[in-house]
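**Q** Start from the sequences, fold in the hints, and give me the full structure.
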Amino acid sequence: MADAPRARKLAKRIAQIVASALEHEVKDPRLARVTITDARVTADLHDATVYYTVLGDKLDATPDTRGAAAALESAKGVLRSRVGAGTGVRFTPTLTFVADTVPEDAKHIDDLLARAQAADAEVARLANGAQPAGDADPYRAPRDPDDEE
Numbered sequence: 002m003a004d005a006p007r008a009r010k011l012a013k014r015i016a017q018i019v020a021s022a023l024e025h026e027v028k029d030p031r032l033a034r035v036t037i038t039d040a041r042v043t044a045d046l047h048d049a050t051v052y053y054t055v056l057g058d059k060l061d062a063t064p065d066t067r068g069a070a071a072a073l074e075s076a077k078g079v080l081r082s083r084v085g086a087g088t089g090v091r092f093t094p095t096l097t098f099v100a101d102t103v104p105e106d107a108k109h110i111d112d113l114l115a116r117a118q119a120a121d122a123e124v125a126r127l128a129n130g131a132q133p134a135g136d137a138d139p140y141r142a143p144r145d146p147d148d149e150e
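Numbering (our numbering), first residue to last: 2 to 150.
For the record, the hints were derived by calculation from the structure and aren't laboratory data.
Heads up, some of the hints might be wrong.
[What the hints assert, rightly or not] Quick list of simulated restraints, FRET-style, between CB atoms:
no., residue 1, residue 2, range
1, P6, G130, 57 to 63 Å
2, P64, G130, 43 to 49 Å
3, A86, A33, 20 to 26 Å
[To be verified] Straight-line alpha carbon distances no greater than 27 Å define the calculated DSS-like cross-link-like pairs of lysine-lysine that follow:
no., residue 1, residue 2
4, K77, K10
5, K13, K108
6, K28, K59
7, K28, K13
8, K10, K59
9, K77, K28
Cβ coordinates follow ideal geometry from the N, Cα and C atoms, glycine included.
**A** Following this line, the structure appears as structure tokens:
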């Protein structure tokens, strides 16, 4: 079993090698908009999970995630051989590609924050002209029996 720092270091190196290979060596046009975001390696260094995102051609265009997944699956052997040559470990880890959900999660969090900001603005608008429900000073000084005479 390898220690965790070695696995993290290997995962980082695998992500660099795969990203470089996708950019310079693999000529599949479906992989032109693929970005490698992270990689994780199991403790025994036999399996590597590579996380990726796919960008659309334009900002409002939906990305071709199925095409990118199929292209990564077909290039898996070439990428694994590049990882083996670039890392120098005894056993080259098997590669598994997983679509990263960070962009969708970030969009969801942005939507939630926008809704919370709108709700805060509504509360501030309602509180702007509001009057206290009771007396203006709810913390009155206690009565002195001598003051009543």
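**Q** Hints first: check each against the structure and report whether it holds.
**A** Hints versus structure:
no. : hint                   : result
1   : P6 / G130: 57 to 63 Å  : holds (60 Å)
2   : P64 / G130: 43 to 49 Å : holds (48 Å)
3   : A86 / A33: 20 to 26 Å  : holds (24 Å)
4   : K77 / K10              : holds (21 Å)
5   : K13 / K108             : holds (26 Å)
6   : K28 / K59              : holds (21 Å)
7   : K28 / K13              : holds (23 Å)
8   : K10 / K59              : violated (34 Å)
9   : K77 / K28              : holds (13 Å)
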